[in-house]
Amino acid sequence: MLYTNPFYHAQPGCQAISQINQKSSNSHIGIIFLPMEDEMLASFLLSLREGLEAALIIGIVLAALRKTNRAGLSPFVWRGLAAAVATSLVAGLVLTWLGAEFEGRAEQIFEGSTMLAAAILLTWMIFWMRRQAVNQQKNLEAGISQAAQQDNHWALFGLSFFAVGREGLELVLFLVATKLTIGTLQTTLGALLGLLTAILLGWGLFASSKRLRLGQFFLIINILLVFFAAGLLAHGIHEFNEAGIIPSIIEHIWDLNPILNEKQPVGQMLTALFGYNANPSLTESLAYLAYFLGLGILWKTMVRKTTLSQTT
Numbered sequence: 001m002l003y004t005n006p007f008y009h010a011q012p013g014c015q016a017i018s019q020i021n022q023k024s025s026n027s028h029i030g031i032i033f034l035p036m037e038d039e040m041l042a043s044f045l046l047s048l049r050e051g052l053e054a055a056l057i058i059g060i061v062l063a064a065l066r067k068t069n070r071a072g073l074s075p076f077v078w079r080g081l082a083a084a085v086a087t088s089l090v091a092g093l094v095l096t097w098l099g100a101e102f103e104g105r106a107e108q109i110f111e112g113s114t115m116l117a118a119a120i121l122l123t124w125m126i127f128w129m130r131r132q133a134v135n136q137q138k139n140l141e142a143g144i145s146q147a148a149q150q151d152n153h154w155a156l157f158g159l160s161f162f163a164v165g166r167e168g169l170e171l172v173l174f175l176v177a178t179k180l181t182i183g184t185l186q187t188t189l190g191a192l193l194g195l196l197t198a199i200l201l202g203w204g205l206f207a208s209s210k211r212l213r214l215g216q217f218f219l220i221i222n223i224l225l226v227f228f229a230a231g232l233l234a235h236g237i238h239e240f241n242e243a244g245i246i247p248s249i250i251e252h253i254w255d256l257n258p259i260l261n262e263k264q265p266v267g268q269m270l271t272a273l274f275g276y277n278a279n280p281s282l283t284e285s286l287a288y289l290a291y292f293l294g295l296g297i298l299w300k301t302m303v304r305k306t307t308l309s310q311t312t
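In terms of the numbering used here, the sequence shown opens at residue 1 and continues consecutively.
Hints listed in this document are in silico derivations from the structure and should not be mistaken for laboratory results.
The reader is advised that the hints may include incorrect statements.
Claimed, not checked - Under the rule of at most 25 Å between Cα atoms (straight-line distance), these lysine to any residue pairs were calculated in the SDA-like manner:
hint, residue 1, residue 2
1, K67, L200
2, K263, T283
3, K263, L224
4, K300, I199
5, K67, I199
6, K300, I220
Because the structure is a prediction, the values reported are computed rather than measured.
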């Protein structure tokens, strides 16, 4: 599937890419998605989004160093990236180990807590990035300029480490939560494909003279991830129902398994992407609906504040 979409200024790195490639604004780079199982799509999208953001950050740093004739400092950026990846892998192993240590009710509490934390963080990330993307890029470029002028190796290392490390730790939590719903193999394969696509895409952005238009691409991914976060929230409530922490009130308010079984291919895809449950409890369903209600209120409030700030 090929994507070429309008450029979106609110994503990190987009303005820098636009400035670098002003002379080639009429050209595009295609985004190629490899075929995969439906269950892998959630982890693929998560990894693609986080990986692409990390690639944009590293690209901005390297481009800024070249622009200021400080390309010799690039190895410290790569070392920071390597340290961030290693830290994220260790965090993933620790969370996976912790999950394997729990059994019975403790396991249900751990899984429910992980899913709720991932849902909250994923939602916050989408909203925060929309509000802060432009300022974040300006702060990033200012930090690069200051570190380059002072030949501060450790500042560049830290800039790369913390910027990429945040994306990596977020992704680890998301993937651990995803693994609890669709399994280790599908999560791992989807994550590897997503990261590989992000790496190739990030390389293409800065190795090519062409300009990638990312706007609707990020928008589509964010919309899918909002539904994924709602599914994580509902699944987390389901685990708390089973652990007896949150009452079900009504154990099964309906049963759609005869019509759309969650074990069938379509049902598995809906479960992996949107947290579909053919026979949810009342509190699980209310949590799902409350999530979108709260999301709508937050979105409307944010749009109103943005409109007011633009008119004043």
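Evaluation of the provided hints:
1. K67 with L200: holds (23 Å)
2. K263 with T283: Judged against 25 Å, a Cα distance of about 22 Å means the pair holds.
3. K263 with L224: Status holds; Cα separation ~21 Å.
4. K300 with I199: Not OK: K300 and I199 at ~34 Å, beyond 25 Å, violated.
5. K67 with I199: holds (22 Å)
6. K300 with I220: holds (19 Å)
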